[in-house]
Structures are given as C-alpha cells and as structure tokens.
Amino acid sequence: MATNPMEQFAIKPLVENPLFQIGGHDIYFTNQSLLMVIVALASALFLTFAVKPGRLVPTRSQSMAEISYEFVANIIHSAAGNEGLKFFPFVFTLFIFVLCSNFFGMFPGSFTVTSQIAVTLALASMVILVVIVTGFLKHGIRFLTLFVPKAPIYILPLLMLIEFISFCTRPISLSVRLFANMLAGHTMLAVFAGFVVSLGAAGGILSVLSIGPMLLIVAIMLLELLVAFLQAYVFAILTCIYLNEALHLHDHH
Amino acid sequence: MTAPDPDRLNDLGRRVDEAKKRQAAGAKRPPPTQMGIAGRFATELVASVVVGGGLGWGIDWLFGHFGFPTRPVFMIVFFMLGSAAGIRNVMRTATEINTEIAAGAAKTDEEK
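Chains as they are written, first to last, in the numbering used here: chain W, 239 to 491; chain F, 388 to 499.
Do not rely on the hints blindly, as some may be mistaken.
Calculated cross-link-like contacts (lysine to aspartate or glutamate; reagent style DMTMM-like; alpha-carbon spacing at most 20 Å) [claimed, not checked]:
1) 290(W) / 308(W)
2) 407(F) / 304(W)
3) 408(F) / 392(F)
4) 250(W) / 264(W)
5) 324(W) / 308(W)
6) 388(W) / 483(F)
7) 408(F) / 264(W)
8) 407(F) / 264(W)
9) 324(W) / 304(W)
10) 290(W) / 304(W)
11) 376(W) / 321(W)
If you want the ones that stay clear, here's a sample from chain F, every Cβ over 10 Å from chain W, calculated [to be verified]:
12) 394
13) 404
14) 405
15) 438
16) 448
17) 455
18) 459
19) 463
20) 481
The calculated label-pair distances, taken between Cβ atoms and stated as ranges, are [said to hold, decoys possible]:
21) 321(W) / 403(F): 26 to 36 Å
22) 460(W) / 492(F): 24 to 34 Å
23) 258(W) / 448(F): 28 to 38 Å
24) 304(W) / 421(F): 25 to 35 Å
25) 450(F) / 299(W): 55 to 65 Å
The set of hints was computed from the structure by calculation and includes no laboratory data. Beta carbons: idealized from backbone N, C-alpha and C, even for Gly.
Same shape as in the complex, but just chain F (with noise of 0.2 Å):
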C-alpha cells in the first residue's frame, strides 16, 4: 500500500467540510406541487368544518341526554366556530407553505 497523497487528502477534507456544511444548512426537501398544496388547503378547511359540526351535534346529543333539548342550537354555532377554525389552518398552512418555498428558492439562489 503506497502512502496517501497529501493533494488528495486535502482536496477530500474539503469536500467532506463542505457536504456538513450543506447539511448544516437544511435538510434536503421535495417542493410541494401544486396539487398537493390544493389537497392540503381543501382537507384542512372541510375537517375543520366537520369536526366542529361534530363537536357541536355531540354537545346537543349529551344536553338532550341530560333533559336540556338544546339541538340544534350548539351544532349551528359550533358550524360556525368549525368554518373560522378552517379559515384559520387554512392560513396557517400557507403561511407555511411560504415559509417553504421561501428556503427552497433561497437554497437554490446560493447554488448558483
């Protein structure tokens, strides 16, 4: 076995320094496509309409249980809290999404 190269040696602490400083700066992510972005933002809006609905329908059904015959008053505004609910993650998944494709176009700009 022939001594190791100095050059080469060198030429390979550099790279390695450079891959950890690439991992450093973040993790390696697939973007989102748009398809995936419009799925997110649909199922995010209607669970919460749902289970705010759901909530709201299990708050009538334990009254009604316990003699106070609330229905359908809690499910209509439990609806309601339900569909501002949704507006809420709905923004909070695009402020998100932003967020995402901001640190990707910036990952890119320094690769050029």
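Only chain W is shown next, with the shape it has when bound in the complex (with noise of 0.2 Å):
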C-alpha cells in the first residue's frame, strides 16, 4: 500500500456545491474552511470561558489563558516597547490563530490550515498592510524614509532600490517559514509512516524491522510540537519588530 505524503494536503469541498460565486469563481465550503472555522471558534470559545470565573487564584484553563495573555504581552513590550501594546488585540490574535492552527493539524487525520501558502501569505500580507498604514498614519510621507540608509548621497540611490526590495520581501518570507516549516515537518511524518506500512507488509525479518521507524515518527512528533510552537513565536516576534520599525522610524539603527 503505498500512499502519497503530500495527499494530506489536498484541499477538498465538504459539500458538493459552491456556497457563492465571486467573479466568476466558485467558493466551496472545503476541509480547509472547516478546520478554520474550527480553530477560530475552539481558540475564541476557551480564551473566553477560561478568564469568565476572573478567580484571583486561577483554575488551570484560566492560568493558560493568562500566560498565553502574558506571553504575547512580553514579546510586543520587548520588541516594540509601550507603544506597541495598542496592537496587542491584533498581535495575539494572530499568535492563537497559528498556534492552534499549528496544534490542531498535529492531529492524527486532521487538516493542517498553516500548511497552505495561500493562509500564511493572506496573514503575512495583512501584517504588512498594517505596518504600512500604521507607518503612514503615524510620520505621513515621512515614513518613506524607511528606505534611506545613513550611506554617502552617490550610493543612495542603489541602497533606497535594495532597501525597498528588502521590505517588499517581508510578507514572502514571513509566509514562506511558516508554510514551509509546517509542509516539511507533516511530509516528513507521512513519509516515514510509510516506511512502517511497507516494510510491516514486506514480511519475514523486514516487518520486525518497521519498529524502527515508528520510534522515528514519535521523536519527530515531539519535534513538530516544538516547531508548532516555534513558529507561532516567530511569526509573532517578527510581526512586533516589523511594527516596531513603523513605530519608531530609525530609532534601533
């Protein structure tokens, strides 16, 4: 039985007909749209019920509530000072929605929804887009001088091109990590179960053999624990000094 390891990552409609049109696309309700709409209600719904008792001495469900709260909280304060504690709703939000994105995908039979660039580059973009408004609302044009280096006046010209490059790379390789990091580790666990199934079915010596990469398999979901929490940390980490930029213009050069 040889299965394929990236057909875990096939996107396929739930129900047999498109939900609506948007020029001229069909939209279907897909395996993706379930698990997203499954993180975002489970994250929203336990964030919520954990902290509604407000004990003063938390119950378990509340202090992981107020230690994801105060985890976020740190990051921003370190990477982005006082100022950047106004985006706390939008950085934390982000930061549940990958990680559980991430977690949830750990699931045997699951989906995993930060495995798709199209999802992890629709966040980094909207990261961007608001480092970009909040850059310009905040210095007006003069935000622009993000892309002026201090260099000698007869190579700006050539540094504002690279710096400019340099920032329109951000949503790319903030999505690219993230998809990438997920895409790896799922393949790599789908690539060893299939060693188990085929060396299990090959007989004799062979199949008392296939424990070895089921231990594998065990050891690299304990890995892709850690990378699921790793690059949730990233993504927020990086979203805080990309606004801290916008914020602070050349303060940290």
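The two chains are supplied separately, each in an independent frame; assemble them into the complex guided by the hints.
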C-alpha cells in the first residue's frame, strides 16, 4: 500500500455545491475552511470561558489563558515598547490563530491550515498592510525615509532600491517560513509512516524492522510540537519587529 | 480566620518584588534552535532573490505593454539587486540573532 505523502495537503470541498461566486469563481466550503472555523471557534470559546470566572487563584484553564496573554504582552513589550501594546489584540489574535492551527494540525487525520501558502500569505499580507498603514498614519510621508539608510549620497539611489526590495521581501519570507516548516514536518511524518507500512507488509525479518521508523515518528512528532509553537512565536515576534520599525522610524539603527 | 503572620507577609512581598524585577528584565524567550536559524537565513536569501526577479519581470512586462521591449534588462538588474537585498537581510537577521543570543547569555549569567 503506497500512499502519497502530499495527499494530506489536498483541499477537498466538503459540500458538493459552491456556496457562492466571486468574480466567476466558485467558492466551496472545503476541509480547510472547516478547520479554520474550528480553530477560530475553539480558541475564541476557550479563551472566553477560561477567563470568565475571574478567580484570584486561577484554575488550570484560566492560568493557561493568562500565561498566553502575558507571553504575548511580553513579546510585544520587548520588541516594540509601550507603544506597541496598542497592537496587542492584533498580535495576540495572530499568535493564537497560528498556534492553534499548528496544534490542531497535529491530530492524526486532521488538516494543517498553516501548511497552505494561501493562508500564510494572507496572514503575512495583513501584517504588512497594518505596518504600512500605521507607518503612514504616524509619520505621514516621512515614513518613506524607512528606505533611506545613512550612506554617502552617491550610492543612496542604489541602496534605496535595495532597501525597497528588502521591504517587499517581508511578506514572502514571513509566510514562506511558516508554510515551509509545517509542510516539511508533516511530509516527513507521512514519509516515515509510509516506511512503517511497506516494511510491515514486506514480511519476515523486515516486518520486525518496521519498529525503527515507528520510533522515529514518535521523536519527529515531539519535534513537530516544538516547531508548531516556535513558528507561531517567530510569526508573532517578527510582526512586532516590523511594527516597531513603523512606530519608531530609525530608532534602532 | 487567624491573623496573618507578618514574617510570611514580608516574605511574600519580597518574592513579589523579585518576580516584578525579573519580569522587567525582559520576556522569557525560547532560545533559537540551529534549524530555526538556518531556516531563517535560507528563506530571507531566497525570498529576496525571488522578489527582486519578480519585480524586474513585472517592470519589463509593464514596459512591454506600453511598447518598449526592455525584456530582459530590468529582470536581470532587479535579480542582482534582489541578491544584494538578500545579503542585506541575512546580515540584519544575523545581528538580530546575535543580540538575542547575547541577551540570553547575559540573563543566564545573572541567574548564576
């Protein structure tokens, strides 16, 4: 039984008929949409009900919510200062959504929303849009000095072009990093799972050997849990770093 | 309910102060893993080159659209600029990671 390790990333419509049409394209409710709805609902409901009792000595779920709150607040504070805390709701939502998507994807038979470049690119574009709007609102046209490094005048045009391209790179690198990490991890899991099946089916001594990849899967699973958290963290901290640049022009150089 | 023990209260106050100081010192961050660092460099470099090439291609397409067949001049130029931006990004990321590691090392020294 040979299975395709990339099959887990296939997007299938769950409802036969398209929900509606946008510009001539059929919009379906897919397994991806379902997982996104689950992730959004689960995280929103959990966080709401966890902090509802408001106890002085928190219960387990309340302290989970409080710890994640403090964790994100600390990230923002250390990367973007007090002013950055205005963006707490935005960064917190992003962090929780990415984190929960990554963790929900770890369930066997589930679907990893963040392994789709469309999703991560949309998230990253949102971040860059917020950065650009914030920058222009706060500094007006002076925000464009972000592209003017301190350098002799005769190489400034070249450097400005390079800085501009480097800025344009941000949404790409932000989204590709998350997408590639999740895609690679889950593909690796599926490939090793395929080894277990084919070794087990081979019979004789080879069947006994299939315990090897099996143990490896357990180890990779643990690694993937770390990666799931780490990537959500990296996404949040990079958002804060970009916001910081928009809020405090040139302060960090 | 018995009256609170003043010693215990003082002790609690001291511990709260200490915790506040620790929090002010900076957020607790997970250390960057080797894989993570390598991945960050790779994506920065590749993304810059791709974006640079893409921008050049777009400019060429735009000029071609208006009757100036510049292809592939801008694509080549922007490909090179993109590579330069990639190196710039990698250097910036390296400084970021260096300060991150230095901050982490300083913190562990304090704890010792």
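Now for the hints, and whether the structure bears them out:
1. 290(W) / 308(W): Holds, at about 17 Å.
2. 407(F) / 304(W): Between residue 407(F) and residue 304(W) the Cα gap is close to 16 Å, so the pair holds against 20 Å.
3. 408(F) / 392(F): violated (25 Å)
4. 250(W) / 264(W): Holds, at about 13 Å.
5. 324(W) / 308(W): This hinted pair holds, its Cα atoms lying about 15 Å apart.
6. 388(W) / 483(F): holds (19 Å)
7. 408(F) / 264(W): violated (56 Å)
8. 407(F) / 264(W): violated (55 Å)
9. 324(W) / 304(W): holds (18 Å)
10. 290(W) / 304(W): Distance of about 12 Å is within 20 Å: holds.
11. 376(W) / 321(W): holds (12 Å)
12. 394: holds (22 Å)
13. 404: Fine: 18 Å to the nearest Cβ keeps residue 404(F) off the interface.
14. 405: holds (17 Å)
15. 438: violated (5 Å)
16. 448: Holds, because the least Cβ-Cβ distance between residue 448(F) and chain W comes to about 16 Å, which exceeds 10 Å.
17. 455: Correct as stated: the minimum Cβ-Cβ distance to chain W is 20 Å, above 10 Å.
18. 459: holds (17 Å)
19. 463: holds (14 Å)
20. 481: holds (14 Å)
21. 321(W) / 403(F): 26 to 36 Å: holds (27 Å)
22. 460(W) / 492(F): 24 to 34 Å: holds (26 Å)
23. 258(W) / 448(F): 28 to 38 Å: holds (32 Å)
24. 304(W) / 421(F): 25 to 35 Å: holds (32 Å)
25. 450(F) / 299(W): 55 to 65 Å: At 59 Å between Cβs, range holds.
Of the numbered hints stated above, those contradicted by the structure are hints 3, 7, 8 and 15, listed in ascending order.
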